[in-house]
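Asker: As a plain string of letters, each chain reads:
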Amino acid sequence: MLWYFEYFRRLLGTAFSFFVFGIGGLVYGLIVFPLMFIFVRNRESRRFAARRLIGWGFGAFVGLMKGVRVMDVRIKGSEHIDDGRRQLIISNHPTLIDVVILISLFPQANCVIKEAVTKNPFMRSTVKAADYISNSEPGEFLDACVDYLRNGKSLLLFPEGTRTRKDEPIDFKPGAATVAARTGVDILPIAIDCEPPVLSKQMPWHYVPRVKPIFTIRIMAPRPVHELVRPLDDDRHYRQELNEALLALINDELSDMAFSRQPI
Amino acid sequence: MNRDTLFLKIREILVEQFDVEEAQVTMDANLYEELEIDSIDAVDLLVQLKEVTGRKIAPESFKDVRTIRDVLDALTAL
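Chains as they are written, first to last, in our numbering: chain A, 46 to 309; chain B, 137 to 214.
Incorrect hints may appear among the rest.
Derived CB-CB ranges, DEER-like [unchecked claim]:
id: 1; chain 1: A; residue 1: Met248; chain 2: B; residue 2: Asp164; range: 37 to 45 Å
id: 2; chain 1: B; residue 1: Glu172; chain 2: A; residue 2: Lys121; range: 30 to 38 Å
id: 3; chain 1: B; residue 1: Ser197; chain 2: A; residue 2: Met248; range: 26 to 34 Å
id: 4; chain 1: A; residue 1: Leu75; chain 2: B; residue 2: Asp164; range: 24 to 32 Å
id: 5; chain 1: B; residue 1: Met163; chain 2: A; residue 2: Ile126; range: 33 to 41 Å
id: 6; chain 1: A; residue 1: Asp216; chain 2: B; residue 2: Arg202; range: 14 to 22 Å
id: 7; chain 1: A; residue 1: Asp280; chain 2: B; residue 2: Thr189; range: 18 to 26 Å
id: 8; chain 1: B; residue 1: Thr189; chain 2: A; residue 2: Asp127; range: 42 to 50 Å
id: 9; chain 1: B; residue 1: Thr212; chain 2: A; residue 2: Asp280; range: 27 to 35 Å
id: 10; chain 1: B; residue 1: Ser197; chain 2: A; residue 2: Glu272; range: 34 to 42 Å
Here are the simulated BS3-like pairs of lysine-lysine, each with C-alpha atoms no more than 30 Å apart in a straight line [to be verified]:
id: 11; chain 1: A; residue 1: Lys218; chain 2: A; residue 2: Lys173
id: 12; chain 1: A; residue 1: Lys218; chain 2: B; residue 2: Lys192
id: 13; chain 1: B; residue 1: Lys199; chain 2: A; residue 2: Lys164
id: 14; chain 1: B; residue 1: Lys145; chain 2: A; residue 2: Lys164
id: 15; chain 1: A; residue 1: Lys164; chain 2: A; residue 2: Lys218
id: 16; chain 1: B; residue 1: Lys186; chain 2: B; residue 2: Lys199
id: 17; chain 1: B; residue 1: Lys145; chain 2: A; residue 2: Lys173
id: 18; chain 1: A; residue 1: Lys173; chain 2: A; residue 2: Lys198
id: 19; chain 1: B; residue 1: Lys199; chain 2: B; residue 2: Lys145
id: 20; chain 1: A; residue 1: Lys246; chain 2: B; residue 2: Lys186
id: 21; chain 1: B; residue 1: Lys145; chain 2: A; residue 2: Lys211
The set of hints was computed from the structure by calculation and includes no laboratory data.
Built from N, CA and C at the ideal position, the CB exists for glycine as well.
Produce the complete structure using the sequences and hints provided.
Answerer: Here it is in structure tokens:
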């Protein structure tokens, strides 16, 4: 009986949170950002302001989900959060909320958005105002990532390219390692664990697990690329080695996290 | 440029730049599974073939490409 009550409370909380998220998204995409295009003509200022607003919105959404007690978020290694730092942030991607949590922590970071989202009429102005990178052309979006890091600040990439299936080991596509190899920037590795799993690829949004999910966001110390793998003459070989090293960084941390939540 | 010369060109790129053994390069060799070409290599290969042929393969049509025969089909279909 109690279990049902708890279940419905969290189902309602989840529905309410997503409803608020949707309304917020509409207000941003149909009112706030179109107005911003009229009043803030300078692209850089608009980008800064837009990302700040998105960061606040996402932070509020995470706060709401914690507030209505449908999930908990634990940040470990918050001393490594420095939004102004030029770095490549990489993370595994177990759930739909990952990007929301990470952008609330690193609002000024750039990220790569699915092309379909950049064309969605409700989200187009948001993505454009924040000046995020679209993944339209495979070669071109990597060049855009490299250019951005070379003269900008930070970029957030999920090297898996899409959400991980919980039952499969994670694997990285070579894009993030290529960007790292070509720019030589510092890497900020982040491992995300969500237990029990929610909002993963094979689950509908309204799936509510029996116990409240806990997100653990483990932010590791930034590491210079050349420290992870010594630069090699062969570019292709270098990026492959780097890809393995990045994957190992995240995977080692994930297995530590899985181990530490085992009951003793 | 006909299919035979294109095939030779692809083989040359694969062998010289992507560490593929010449004998492995056959019409039906799977780029991703047998020749261990990743998506970055594939884009690289596309760019180089574009320089050689002057033709651009649409990225969408390259998504379905698995074998060298598919690459040739995509290049000659245009």
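Asker: Now, for every hint given, state plainly whether the structure supports it.
Answerer: Results of checking the hints against the structure:
1. A:Met248 to B:Asp164: 37 to 45 Å: holds, 38 Å
2. B:Glu172 to A:Lys121: 30 to 38 Å: Since B:Glu172 and A:Lys121 have Cβ atoms about 36 Å apart, the given range 30 to 38 Å holds.
3. B:Ser197 to A:Met248: 26 to 34 Å: Holds, at about 33 Å.
4. A:Leu75 to B:Asp164: 24 to 32 Å: violated, 51 Å
5. B:Met163 to A:Ile126: 33 to 41 Å: violated, 52 Å
6. A:Asp216 to B:Arg202: 14 to 22 Å: Holds, since A:Asp216 and B:Arg202 (Cβ atoms, about 19 Å apart) stay within the stated range.
7. A:Asp280 to B:Thr189: 18 to 26 Å: At 24 Å between Cβs, range holds.
8. B:Thr189 to A:Asp127: 42 to 50 Å: holds, 47 Å
9. B:Thr212 to A:Asp280: 27 to 35 Å: holds, 30 Å
10. B:Ser197 to A:Glu272: 34 to 42 Å: holds, 41 Å
11. A:Lys218 to A:Lys173: holds, 26 Å
12. A:Lys218 to B:Lys192: holds, 24 Å
13. B:Lys199 to A:Lys164: holds, 21 Å
14. B:Lys145 to A:Lys164: violated, 38 Å
15. A:Lys164 to A:Lys218: holds, 24 Å
16. B:Lys186 to B:Lys199: holds, 16 Å
17. B:Lys145 to A:Lys173: At roughly 41 Å apart (the allowed maximum being 30 Å), A:Lys173 and B:Lys145 break the hint.
18. A:Lys173 to A:Lys198: holds, 18 Å
19. B:Lys199 to B:Lys145: holds, 21 Å
20. A:Lys246 to B:Lys186: violated, 36 Å
21. B:Lys145 to A:Lys211: violated, 42 Å
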